[in-house]
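Asker: The primary structure of each chain is shown beneath.
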Amino acid sequence: MTMSSALPTSRAPARWQDFLQLLKPRVMSLVVFTAITGMVCAEAPINPILGAIAILCIAVGAGASASLNMWFDADIDAKMRRTRGRPVPAGRVQGADALALGIVLSMFSIMLLGMTVNWLAAGLLAFTIVFYAVVYTMWLKRSTPQNIVIGGLAGALPPVIGWAAATGTVPFNAWLLCAIIFMWTPPHFWALSLYTSEDYEKAGVPMMPVVAGAKSTRKQILIYSLLFTPLCLVPAFTGLGGMTYLAVAAGGGLIFLVLAWRVFKSRAGDAADPRQDDGLYDVKAAAKDARNLFAFSILYLTLLFATLLAEHLLDLPVFGGF
Amino acid sequence: MSDPQNEGPVDAKARRGRNIALALGLALFMVLVFVVTIVRLGASTANG
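Chains as they are written, first to last, in this note's numbering: chain A, 1 to 322; chain B, 323 to 370.
Among the hints, erroneous ones may be present.
[Unchecked claim] The calculated lysine-lysine pairs, modelled on DSBU-like cross-linking and capped at a C-alpha distance of 35 Å, are:
no. : chain 1 : residue 1 : chain 2 : residue 2
1   : A       : K141      : A       : K265
2   : B       : K335      : A       : K24
3   : A       : K79       : B       : K335
In case anyone wonders, no lab produced these hints; they're calculated from the structure.
Could you put together the complete structure from these sequences and hints?
Answerer: Structure (structure tokens):
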């Protein structure tokens with residue numbers, strides 16, 4: 001169980017900004033972006049007001065699951081440099097308040113999405129919140145190095161929810177968007193964990209470099225990259241993406257593979273860092289390749305979804321699909 | 323949360339900020355429900 005109740009209480013009063021921080025606004029913005037892409041790619045007429053409400057509900061649902069995550073993980077967040085400034089471990093917000101915020105926003109977002117748009121989208125949103133807050137946060141994260149592989153499904157579902165909100169269905173192309181984010185997650189997070197593994201080890205989180213070692217993690221990053229990059233080409237042949245998308249996916253995919261190969265050949269994650277400073281994402285020299293892959297992975301996924309969005313909004317030609 | 327009867331200016335300012343944020347959130351929710359009702363009613367009327 002969470003140790004948030006045992007955390008020190010700050011004398012500083014909770015401000016509304018602290019409650020906003022519980023919702024992880026940066027993650028919410030990524031969720032909004034991928035959900036809008038799913039909704040636009042569905043190419044179904046949806047009332048723009050209802051479409052905006054659907055996106056708002058998806059964003060609030062993501063924020064609710066983040067608040068539940070911060071409530072439960074306060075004990076391990078307090079041990080890691082990257083997360084110890086969060087409102088609950090820092091003592092600015094009580095754990096019970098984060099829990100209440102998460103539950104209330106979950107109920108509001110699911111009910112509003114169901115009553116205003118459709119219950120398939122609402123059901124998928126409910127599944128995503130439960131999967132992230134319960135399956136990933138409470139179970140997988142502390143028990144297996146496959147935590148972010150399986151848990152990555154929660155981050156991959158927003159385009160499917162967006163698609164379901166627009167059409168009431170989830171066809172193959174919607175799941176294709178989900179699969180791309182799902183396969184992107186392991187190389188992305190393992191690249192990050194290669195140079196933050198000391199933090200995870202200190203907190204007792206069984207991330208892959210902590211459990212299997214840096215060498216095994218580098219090999220698995222390469223394997224997932226070899227599966228992920230061809231998958232990114234598939235939308236160009238299913239009627240989802242066009243020529244521009246194919247060029248971006250192929251060009252970016254090659255760079256992704258080169259960077260993953262460099263990580264594989266590097267010693268990222270091997271050497272212990274003698275310094276103990278507080279620099280967020282402070283990178284040791286040996287982990288430079290891992291940092292490069294981590295940074296490019298964000299850019300690549302953003303470019304893929306932005307290209308799909310642009311092609312559908314500008315009505316650029318796409319290949320025939322099914 | 324502090325006791326409103328015995329709080330200092332910093333606590334009072336923080337509480338006021340939280341209350342305003344909560345009020346705005348509730349107002350937004352009311353507006354959303356109203357707008358959705360109008361949109362749904364409009365769609366039903368248009369469909370006969």
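Asker: Indicate, hint by hint, whether the structure satisfies it.
Answerer: Hints, one by one, checked against the model:
no.: 1; hint: K141(A) to K265(A); result: holds, 28 Å
no.: 2; hint: K335(B) to K24(A); result: holds, 24 Å
no.: 3; hint: K79(A) to K335(B); result: holds, 31 Å
Hint compliance for this structure: no hint is broken.
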